[in-house]
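Top to bottom, those sequences are chains A and B. So this note's numbering is basically just the index in the first sequence, starting at one, shifted up by 54. So this note's numbering is basically just the index in the second sequence, starting at one, shifted up by 26.
Just so you know, these hints were derived from the structure itself, not from any lab. Any given hint could be a false lead.
Claimed, not checked - Derived DEER-like restraints, expressed as beta-carbon distance ranges:
1. G449(A) x A226(B): 41 to 49 Å
2. R45(B) x R174(A): 52 to 60 Å
3. E517(A) x E42(B): 40 to 48 Å
4. P351(A) x D104(B): 15 to 23 Å
5. A302(B) x G429(A): 40 to 48 Å
6. P126(A) x A319(B): 38 to 46 Å
To be verified - Only pairs whose alpha carbons sit at most 30 Å apart, straight line, appear in this in silico DSS-like list of lysine-lysine:
7. K282(A) x K276(B)
8. K313(B) x K245(B)
9. K179(B) x K356(A)
10. K389(A) x K276(B)
Said to hold, decoys possible - Negatives, chain B to chain A, calculated, CB over 12 Å:
11. L50
12. T57
13. G76
14. E81
15. N113
16. K116
17. I121
18. A124
19. D147
20. L161
21. V205
22. N218
23. T290
24. A293
25. L325
Just so it is clear, CB atoms sit at the ideal spot from N, CA and C, and this is done for glycine as well.
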Amino acid sequence: MNLLDRTVEFTAALRRANVPVSSAETVDAARAVGAIGWADRDALRAAFAATMCKRPLYRSAFDSLFDLYFPPRIGDGVVLPDEGGPAGEQQPGEQRNGDPSELTPQEIEALRRAMRDQLRDALLDGDDEKLRDLARRSVSAFGAAQNGPGQRSYFIYRVLRAMSPETLIADLLAAMLGDDDRGGLEERIARQTIADRIRAFEEMISSEVRRRMAEERGIEAVERTAVKPLADQVDFLRASQRDLVELRRQVYPLARRLATRLTARRRLGRAGRLDFRRTVRASLATGGVPIETKHRPHKPHKPELVVLCDVSGSVSSFAHFTLMLTHALREQFSKVRAFAFIDTTDEVTRFLRGLELGDMMARIASEADLVWFDGHSDYGHAIEVFAEKYPDAVGPRTSLLVLGDARNNYRATSAAVFRRLCGQARHSYWLNPEPRSYWGSGDSATTAYADLVDEMVECRNVEQLQHFIERLLPT
Amino acid sequence: MSLQGYAFADVADVRERLRETGYLADEAIATTVFLADRLGKPLLVEGPAGVGKTELAKSLAAAVGAELIRLQCYEGLDEARALYEWNYKKQLLRIQSASGATGEAAGDAAAGTASWQQTHDDIFSEEFLLSRPLLTAIRRDDPTVLLIDETDKADVEVEGLLLEVLSDFQVTIPELGTVKATRRPFVILTSNATRELSEALKRRCLYLNLDYPSAAREKEIVLARVPELPEKMAESLVRIVRALRAMELKKAPSIAETIDWGQTVLALGFDTMDDAAVTSTLGVVLKHASDQARAISQLKLGAN
Chain A
55 MNLLDRTVEF TAALRRANVP VSSAETVDAA RAVGAIGWAD RDALRAAFAA
105 TMCKRPLYRS AFDSLFDLYF PPRIGDGVVL PDEGGPAGEQ QPGEQRNGDP
155 SELTPQEIEA LRRAMRDQLR DALLDGDDEK LRDLARRSVS AFGAAQNGPG
205 QRSYFIYRVL RAMSPETLIA DLLAAMLGDD DRGGLEERIA RQTIADRIRA
255 FEEMISSEVR RRMAEERGIE AVERTAVKPL ADQVDFLRAS QRDLVELRRQ
305 VYPLARRLAT RLTARRRLGR AGRLDFRRTV RASLATGGVP IETKHRPHKP
355 HKPELVVLCD VSGSVSSFAH FTLMLTHALR EQFSKVRAFA FIDTTDEVTR
405 FLRGLELGDM MARIASEADL VWFDGHSDYG HAIEVFAEKY PDAVGPRTSL
455 LVLGDARNNY RATSAAVFRR LCGQARHSYW LNPEPRSYWG SGDSATTAYA
505 DLVDEMVECR NVEQLQHFIE RLLPT
Chain B
27 MSLQGYAFAD VADVRERLRE TGYLADEAIA TTVFLADRLG KPLLVEGPAG
77 VGKTELAKSL AAAVGAELIR LQCYEGLDEA RALYEWNYKK QLLRIQSASG
127 ATGEAAGDAA AGTASWQQTH DDIFSEEFLL SRPLLTAIRR DDPTVLLIDE
177 TDKADVEVEG LLLEVLSDFQ VTIPELGTVK ATRRPFVILT SNATRELSEA
227 LKRRCLYLNL DYPSAAREKE IVLARVPELP EKMAESLVRI VRALRAMELK
277 KAPSIAETID WGQTVLALGF DTMDDAAVTS TLGVVLKHAS DQARAISQLK
327 LGAN
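Take the sequences, apply the hints, and build the full model.
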């Protein structure tokens, strides 16, 4: 296979990962390569990124695929002559570590120690080249497992267990800081730096493992697992802690983008009523003939928003994100009130105004009064309490927004009360973070509620949430 | 691209010449700029505020010895402000003075028509044309860098206009004919991504996502901009800023703010970045009260 075919295949892989690449862009990429050549891998990556990856959102998918399709090396890697000297000296067993099964346990242990020492030095210097080299060698030494004849698998956790970079933190801190820096600002910053480097090292290991797997099994087999879903398609219910932090970081840019788009749409919409006074004034310039009519600016209708959200463990990340987003968009509404429940309801609007949005959920959980009986979701009781305690919350100008999976632990639904609430509200929507196909299965009470609200909307990821909010806000 | 050749010999040349103007480019920046030069395509630079997008355009202009023409986009920017406009006041004067002159020869219909034709040709000539940045950039014969700043602030219709200008580098003025670029300007568009630019525009551009730089590069930048700052200070400054960026803040500190911070601590004469120094100058980098509170609590600055 030549490199041009490789490029075309790479383009196809990008498209499979939902990164749109037009054929004009592929041509640009080829021209770009013509200008810079194939020799420098980093330049090649930059060239492809400039021509084919045009949103920051796509970048992580792009990088994973680039590493798969244009791997920096093959097999165990070749030790280049110029760096062979020091690298060779530092590693006992380098010649044989291609197949660790030949080593005795003592030798493996010695190798592990030696590599951990090198890892500590590399982490201390923050030398990316050394770290990458170590990642490569540690994967070939510790990551492989024979499964079946002639087939090897590589596992990230095996490498991490052998190298266990976390246990080096104390050593590193001691090396980085003098005695008088302890406990001060210096230490906290140093911890941060070390954590960053360790995370980078872990990334290197996982990309190395993917590369080795791709060699064993073929690129296509690895591709699907290697590429993480785009950030706006990460499932709320399955998001990892790191995904969630990333999502929260997106809240403000997202809110700003939504707001800009809305203002643009409003401006394009028709002007308001005729402004008689200004029209007459303007007509004086044309001898009393009103050639140009003046209009009052159109006043957008701003809905009142009442958010009623389930914050029990399973769906709290979804509720958190949505609350943050509605709060960030509060200027688009005339009023936002938020209520949270697990098996009873409390108003949480005050926490939205709190300083630390990141910790909002923790404060809601500890300070608001959400548990009445056993701390398992009880929609029925929560709705009753909501209607009883806050009878004035839902009025004729209100859009009622319920967030939750409607998993009610087979309890009573209070459908009658909920029907009345929906009747009082101008609009009522239910955002459900579960896939539509799960609705109504098991203890899900979606069937009881779906007909009462104007619409029950599947809202599994940021993309769907964004669509919904755009629809909710008037033009 | 006409025969004037390319501005840069290779990627290393881009780097070197940008460095001479005081802009430290990393591999991705240098490569992309080089490609924009070679492929003759506009370069769209996107990234958060204060990472040096506009600075890149300015340094580039200085590096290739070109003049920088800047079109600042804003809400409501239109063709008349971006491309060209007829100076109608001057045209009006010209018409009035012409009608004064022909008034004497009144009665002769043929003469009247001829002079009207004459006036008409006159008022739609070069003299009455107000050239705005896009047209100016296209018409120049000398090397030009055209900077279209904050493209995302402009309305969607402006993108349509840009598409036309940037794909063919020509502008059609009905009364004068088509003006074609004799020498393609080097075009840089910047965007803060407050909205997605249209796919069509992105397709025509090379894309560069500028993000916060690596620690080493940021330190170099700070040292280049604030040369009097001791290296050790710059290093701890950059490390603190990176720690701040890792927090969930409303507005993460930009490079420009790191540089400001360097200048501040220099001016105040601090010699280490201890808790007191950081607390008292935190306002330089964090501009939301809630962000400051968060930083103080997470770095445990309030303790003493």
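Here is what the structure says about each hint:
Judged by the Cβ atoms, the range 41 to 49 Å given for G449(A) and A226(B) holds: they are separated by roughly 45 Å. Checked against the hint of 52 to 60 Å, the C-beta distance between R45(B) and R174(A) comes to roughly 34 Å, which is inconsistent with it. At about 43 Å, the beta-carbon gap between E517(A) and E42(B) stays in the expected band of 40 to 48 Å. For P351(A) paired with D104(B), a C-beta distance near 19 Å keeps the hint of 15 to 23 Å intact.
In this structure the supplied range 40 to 48 Å holds for A302(B) paired with G429(A), their Cβ-Cβ distance being about 45 Å. A beta carbon spacing of about 44 Å between P126(A) and A319(B) agrees with the range 38 to 46 Å that was offered as a hint. Straight-line distance between C-alpha atoms of K282(A) and K276(B) comes to about 26 Å, which keeps the hinted pair within the 30 Å bound. Pair hint K313(B) plus K245(B) holds up; C-alpha atoms about 22 Å apart against a cutoff of 30 Å.
Note on K179(B) and K356(A): the hinted pairing holds, with a Cα-Cα distance of about 24 Å set against a maximum of 30 Å. At roughly 22 Å between alpha-carbon atoms, K389(A) and K276(B) fall within 30 Å of each other, so this suggested pair holds. Residue placement check: L50(B) keeps its beta carbon more than 12 Å from all beta carbons of chain A (closest about 16 Å). Listed as a non-interface residue, T57(B) fails to keep its Cβ farther than 12 Å from every Cβ of chain A; the least gap is roughly 4 Å.
Against the 12 Å criterion, G76(B) stays outside the reach of chain A, whose nearest CB is about 15 Å from its own CB. Every C-beta of chain A lies more than 12 Å from that of E81(B), the closest at about 19 Å, which supports listing it as non-interface. For N113(B), the requirement that its beta carbon stay farther than 12 Å from each beta carbon of chain A is met, with the minimum near 21 Å. For K116(B), the requirement that its beta carbon stay farther than 12 Å from each beta carbon of chain A is met, with the minimum near 21 Å.
Distance to chain A confirms I121(B) as a non-interface residue, since its nearest Cβ pair spans about 19 Å, more than 12 Å. Non-interface status of A124(B) relative to chain A is upheld: no Cβ of that chain comes within 12 Å, the nearest being about 24 Å off. The Cβ of D147(B) sits about 29 Å from the closest Cβ of chain A, beyond the 12 Å cut-off, so the non-interface label holds. Annotated as non-interface, L161(B) keeps its C-beta farther than 12 Å from every C-beta of chain A; the closest such distance is 26 Å.
Against chain A, the non-interface label of V205(B) holds: every CB pair exceeds 12 Å, the least being about 26 Å. Interface exclusion of N218(B) from chain A breaks down, the closest Cβ pair being 9 Å apart, not more than 12 Å. At roughly 17 Å, the least C-beta separation between T290(B) and chain A is larger than 12 Å, which holds for a residue marked as non-interface. For A293(B), the shortest C-beta to C-beta distance to chain A comes to about 21 Å, beyond the 12 Å cut-off, and the non-interface label holds.
L325(B), annotated as away from the interface, has a beta carbon of chain A within 12 Å; the closest lies near 6 Å.
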